[in-house]
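Protein chains: 2
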Amino acid sequence: MNKIITISRQFGSGGREIGAKLAEKLGIPFYDNELISRAAKESGFAEAAFENAEKKASNSLLYSLAMGMNAYGNQDIGFTHLSLDDQLYLAQSNVIRKVAEEGPCVIVGRCADYVLRDNNNVVNIFIWADIEARKKRAIEQYHLKENKAEEEILRSDRRRANYYNYHASEKWGKAENYHLSIRSDYIGVDPTVECILNYLQCGERE
Amino acid sequence: MNKIITISRQFGSGGREIGAKLAEKLGIPFYDNELISRAAKESGFAEAAFENAEKKASNSLLYSLAMGMNAYGNQDIGFTHLSLDDQLYLAQSNVIRKVAEEGPCVIVGRCADYVLRDNNNVVNIFIWADIEARKKRAIEQYHLKENKAEEEILRSDRRRANYYNYHASEKWGKAENYHLSIRSDYIGVDPTVECILNYLQCGERE
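Residue numbers (this note's numbering), protein chains in the order written: chain A, 10 to 215; chain B, 10 to 215.
Be aware that a few hints might be false.
No copy is singled out in the list; a pair is fine if it fits within one copy or between any two copies.
The calculated lysine-lysine pairs, modelled on DSS-like cross-linking and capped at a C-alpha distance of 30 Å, are [what the hints assert, rightly or not]:
1. K180 - K145
2. K30 - K107
3. K157 - K12
4. K154 - K34
5. K144 - K107
Simulated from the structure, these hints should not be mistaken for lab results. Predicted, not measured: the structure shown is a model, and the values here were computed from it.
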């Protein structure tokens, strides 16, 4: 299996766990926060800045304007006319392209599907789940409060959608952007991993 | 397997063939044009009117206005204040609900996923494919001319999207509307059928 697999996911859908298990089954690297660290090291950005980029993208225009003004003093990475948000995105994109060149891997989030859109070796997956299942998962695994869980989940999805729509100029969660989109709570995490593996294996044969 | 399976599909993606093969494998009824005939018989509409409804939905507003004016003389089916387009949709929806009540089946197109949205026994599938694969299929199977194929495919998709967006007030092709969305040309028709079967079986166990 010589593929780069990107996973986009709704908050609380189990997408990250599914990606990690998939990478483990395939014996290939898994990039998530690891990707951030690597990008940070290579571009000279602080890790914290990367971690905040996606979180703060709730309102892309305001964020870009605000961060853009702060960024103009920064001469370190050679694209100082861009907002900090765009600089972070470009640095991340370089890292994504680099790990993809190194060989098969699983990359969760960060517009990797869009960054690698011209690479024929990429298979894009979208994971979503029913809101009730996501609430349950968010409460159990991320310890969200029961009365706040739905609000936080929907806010997180809006952030992810805004981040994607801003950088990729494409719609997050549009079926046509992914080889396979799966409602994970209907079958469970492990069967979802199997379902993706099965799709990948069929793709190898085709 | 006690499920109603709805299949939405891009033109040329093989969705209809996949639905038919799925129904055959499961040994359950398959509804497509058959559904039209049945709806026509039960509501008193001519079959031709149903066949034209989806085709003509390219511009929903104009179509509704135009057809609505012609429809006001029709007293046959009891909802004469609606446009003909809406009357057709309601008659179709009644048929879809009726066949779903009768037991497991596969229904292709006609907003069946939306019509049956409150039925917990329904699994919704979306089939799409790369434009080059769809052109090849459309030329081979539907005998479209090579220089017209792409235009006709995209026009057909716009019709389907308009029809869905108008009646369902939802976005056609949004991953979150389907349990499973599959790019069929990447693995082929038969593996896509297997992939759906596998998902359904896992859902039974969950």
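Could you place K157 and K12 in one of the four classes (within, between, both, neither) given a Cα distance threshold of 30 Å?
Neither, since 39 Å and 34 Å both go past 30 Å.
Are the CA atoms of K154 and K34 at most 30 Å apart within a copy, between copies, both, or neither?
Neither: 33 Å inside a copy, 45 Å across copies.
Please sort K144 with K107 into within, between, both or neither, judging by C-alpha distance up to 30 Å.
Neither. Shortest intra-copy (35 Å) and inter-copy (34 Å) distances fail the 30 Å Cα cut-off.
Taking 30 Å as the upper bound on the Cα-Cα distance, should K180 and K145 be classified as within, between, both, or neither?
The answer is both: 27 Å in one copy and 27 Å across copies each meet 30 Å.
Homo-oligomer pair classification [K107, K30; C-alpha up to 30 Å]
Result: close within a single copy only, 22 Å intra versus 42 Å inter.
Of the hints listed earlier, those the structure fails to meet are numbers 3, 4, 5, in rising order.
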